[in-house]
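Undergrad: Sequence:
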Amino acid sequence: MINDEFEENYQEYVYLDSKEALLREEALRLFFNEKNESSDMKFLDLDFYLKENQGNLRANRLLCKSLFDDNITLTSSQMEILSILDENNLFLSAPTSFGKTFIILEFIARHSELNNIVFIVPTLALMNELLKKIYHKFGNKYNLCINSNERISDKNIFIFVPERSDNNFISSIKNVGLDLLVIDEIYKLKPKNKSELNRDDRIILMNKVYLNLLSIAKKIVLLGPFIKKIAFEQTKINIVKYYTNLCPVFNNIHIEKDKKWIDIIGGTNELVYFSSPESIYSVLDVIISKFPESEEFMKKYQNEINHLKENIYENWYVISLLKRGIGVHHGKTPMFLRKFYENEYRDGTLKCLLCTNTLMEGINTPTMRLLIVDNPGNPFQVNNLIGRVGRLNVNNPQAGDVFIFDEKTCEFYENRNRWESLTILAEDPKANSEDEILFLEKQAKDEKQLNSYNEKLSLIQNITGKTTEELKDFDIKLNVAYKFGIDDYSNKFQSCSKMKDCVELACELLGKLSYKFLKESFIDINYSYKTLPYYIFITKMIIGYSPNEIINNFEKENGDLSVENTNLLIDRLLELRTYIKFKLSKIINYFNLYNLDTSKNEKLDAFVKGLQRFNDLSQLYKIFEDLGIEENDYSKLEKYIPIKEKISTSDVIKALISNKGIVNNLDLSPFTKRNINKL
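Residue numbering for the sequence shown follows numbering that gives the first Met the number 0, beginning at 0 and increasing consecutively.
These are computed hints drawn from the structure, not numbers from a lab.
Any given hint could turn out to be false.
[Unchecked claim] FRET-style restraints, in silico, Cβ to Cβ: (1) Asp-16 <-> Glu-406: 42 to 48 Å; (2) Asn-490 <-> Glu-162: 17 to 23 Å; (3) Glu-406 <-> Glu-309: 44 to 50 Å; (4) Ile-485 <-> Asp-262: 53 to 59 Å; (5) Glu-19 <-> Ile-83: 17 to 23 Å; (6) Ser-657 <-> Lys-582: 23 to 29 Å; (7) Glu-19 <-> Glu-507: 52 to 58 Å; (8) Asn-377 <-> Glu-468: 35 to 41 Å; (9) Ile-485 <-> Ser-657: 52 to 58 Å; (10) Lys-599 <-> Lys-228: 39 to 45 Å; (11) Lys-582 <-> Asn-490: 47 to 53 Å.
[Claimed, not checked] Below, simulated BS3-like cross-link-like pairs (lysine-lysine); rule was C-alpha separation at most 30 Å, straight line: (12) Lys-331 <-> Lys-580; (13) Lys-599 <-> Lys-497; (14) Lys-136 <-> Lys-659; (15) Lys-218 <-> Lys-131; (16) Lys-585 <-> Lys-511; (17) Lys-608 <-> Lys-497; (18) Lys-529 <-> Lys-173; (19) Lys-173 <-> Lys-677; (20) Lys-465 <-> Lys-444; (21) Lys-515 <-> Lys-585; (22) Lys-322 <-> Lys-258; (23) Lys-227 <-> Lys-555; (24) Lys-529 <-> Lys-518; (25) Lys-441 <-> Lys-499; (26) Lys-173 <-> Lys-471.
Backbone N, C-alpha and C fix where the C-beta goes; we use that ideal spot for every residue, glycine too.
Between the sequences and the hints, there should be enough to build the whole structure, so can you do that?
TA: So, in structure tokens, the structure goes:
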């Protein structure tokens, strides 16, 4: 159905007939399970599954042949979308398995005149996945960048998570021009609730990036799954909306409310979804006891196992799992391990991967089996998970298997056709927070909010001397900036006599993690206080201590830890590293805002320099980290990269690939070697 009557006076394509979706499911069920080609398949846009015969079908396939991938024939819907995109901006809502990102890559392959392209994606996993695809297809035509301030060439593709789209990058894009902007998983621009809006620093930033890039892009593509309605009330952009429920992949859904997931786990190429890292931790003993150590995996990963024993902890649960061919991937997993797991799973080597949304919202390499252990939260998320399963391959199509155990998740699956309406935060006229008034230029919702906003803004400006426009260039939260000023934190930080005092003040302002280190979270741990000394842990990390050294020091003072407590503490310390890098380091933004001269206090100066070491890596080292190279190997590899005034991700990948023979003979981490060999 095409609807011409809506506020932007642009066409709206709506293909959301639920009866047709059920017919499509049935046609695919017959095709996969009974090996019977339904006569309706060509009318349901599934004719690419049919055997090639003489006549119209063969001719149609030639017309729909992909330029991005010779093995793929595009569906009629995909061809229609490409035609729309030739002349228009596009919002595309379709199931996860529809091939939304593929259509954009196909569009790029058909339009050599595009010079500068930006992909904004929500997760590092998706960034890495997309980087690999784009490099192998477009690496000789385009310069690829995944960090701000990389070398820019005549033709560039930028693949960024939102926080890397800083002011320097926006300025650079304004100078060179932006031919195509693609924002994937657009639903991430809407907070789940008010609590998330206040808690998640990324929400405002992501929407700020959205507005900045929309204002300079010549062509805009917004992608998202399972959205039935969207409006652009604030930006008023002219954009074609295309909604389709066409799901070309079939999965066998197994409702297992009367069974336990642990009795079914054990297939190959299997993802097991958990809602959080803590949920994974709670079942590790059960998984380890179910699967014996495997000689095959112990031999295959012998170097990796020995490396983790020496550098992390001899009895780390990650090692126990790896001996069984099982990986664990979540937001606190170190980058070199994430890349290793992603590569090994993609190659079909790991038999099982325990994961959270960090992987499930990023990986575009489908799996054949998915166990949904925890409740994902709503029908939207259930649809998104299921969409990762199955394989769309004309020459060898395969159906996936999805196992659902939780009763609430089963209920969500039954309501899978109830798609959501989406209001992007930046497009919502109502300001839910004062940060939206400042950074997204919204109107206050009422006089009380406006007065509060003006009071805070005035105090900050009076102390700092910054204009409103200048404040927008700082990555800050208004409430924190106000508290910093009104409670005179400049003087408090200048008065610190120990680095630990600086850490405590910064945590007080930016958010504490004490609940992660409560004594009751551990098993009969020998410690005198209610909370483990995480301020001291952070201080040691800033100085340069490794997790292993911190644990050894803790044991010297408090006695040996059990294996269970050591494992839990390692994960908490890895989480602290992430907290320092992405949260605590932002205290420097407030120091800069208030023109605080940190050099006047030796301990404060050491604190700031320690924080900067977490983030102020050279451009080359930042790229190394994203490619899954361990920190201790950076200096060993640096000599093989042609150093220029600026360097790009393309430069680094090309240099590493051309020097693979040399790299394999260097004294490097086995994870570094594997990740380089998978480039």
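Undergrad: Each hint needs a verdict: does it hold in this structure or not?
TA: Going down the list of hints, with the structure as the test:
1. Asp-16 <-> Glu-406: 42 to 48 Å: With Cβ atoms ~29 Å apart, the hint is violated.
2. Asn-490 <-> Glu-162: 17 to 23 Å: Cβ of Asn-490 to Cβ of Glu-162: about 30 Å, so the range 17 to 23 Å is violated.
3. Glu-406 <-> Glu-309: 44 to 50 Å: For Glu-406 and Glu-309 the Cβ distance comes to about 45 Å; the hint holds.
4. Ile-485 <-> Asp-262: 53 to 59 Å: holds (58 Å)
5. Glu-19 <-> Ile-83: 17 to 23 Å: holds (20 Å)
6. Ser-657 <-> Lys-582: 23 to 29 Å: For Ser-657 and Lys-582 the Cβ distance comes to about 38 Å; the hint is violated.
7. Glu-19 <-> Glu-507: 52 to 58 Å: Check passed, 56 Å falls within 52 to 58 Å.
8. Asn-377 <-> Glu-468: 35 to 41 Å: Since the Cβ atoms of Asn-377 and Glu-468 sit about 39 Å apart, the hinted range of 35 to 41 Å holds.
9. Ile-485 <-> Ser-657: 52 to 58 Å: holds (57 Å)
10. Lys-599 <-> Lys-228: 39 to 45 Å: violated (56 Å)
11. Lys-582 <-> Asn-490: 47 to 53 Å: violated (23 Å)
12. Lys-331 <-> Lys-580: With Cα atoms ~12 Å apart, Lys-331 and Lys-580 stay inside 30 Å; holds.
13. Lys-599 <-> Lys-497: Answer holds: Lys-599 to Lys-497 is near 14 Å, not above 30 Å.
14. Lys-136 <-> Lys-659: Roughly 20 Å separates the two Cα atoms, so the pair holds.
15. Lys-218 <-> Lys-131: holds (24 Å)
16. Lys-585 <-> Lys-511: holds (14 Å)
17. Lys-608 <-> Lys-497: Given pair Lys-608, Lys-497 holds - Cα atoms ~14 Å apart, limit 30 Å.
18. Lys-529 <-> Lys-173: violated (52 Å)
19. Lys-173 <-> Lys-677: Not satisfied, since the Cα-Cα distance of roughly 34 Å exceeds 30 Å.
20. Lys-465 <-> Lys-444: OK: Lys-465 and Lys-444 at ~25 Å, within 30 Å.
21. Lys-515 <-> Lys-585: holds (20 Å)
22. Lys-322 <-> Lys-258: holds (27 Å)
23. Lys-227 <-> Lys-555: violated (59 Å)
24. Lys-529 <-> Lys-518: With a Cα-Cα distance of about 5 Å, the restraint between Lys-529 and Lys-518 holds, given a limit of 30 Å.
25. Lys-441 <-> Lys-499: Given that 30 Å is the threshold and the Cα spacing comes to 39 Å, the pair is violated.
26. Lys-173 <-> Lys-471: holds (17 Å)
Hints 1, 2, 6, 10, 11, 18, 19, 23, 25 from the earlier list are contradicted by this structure; the remaining hints agree with it.
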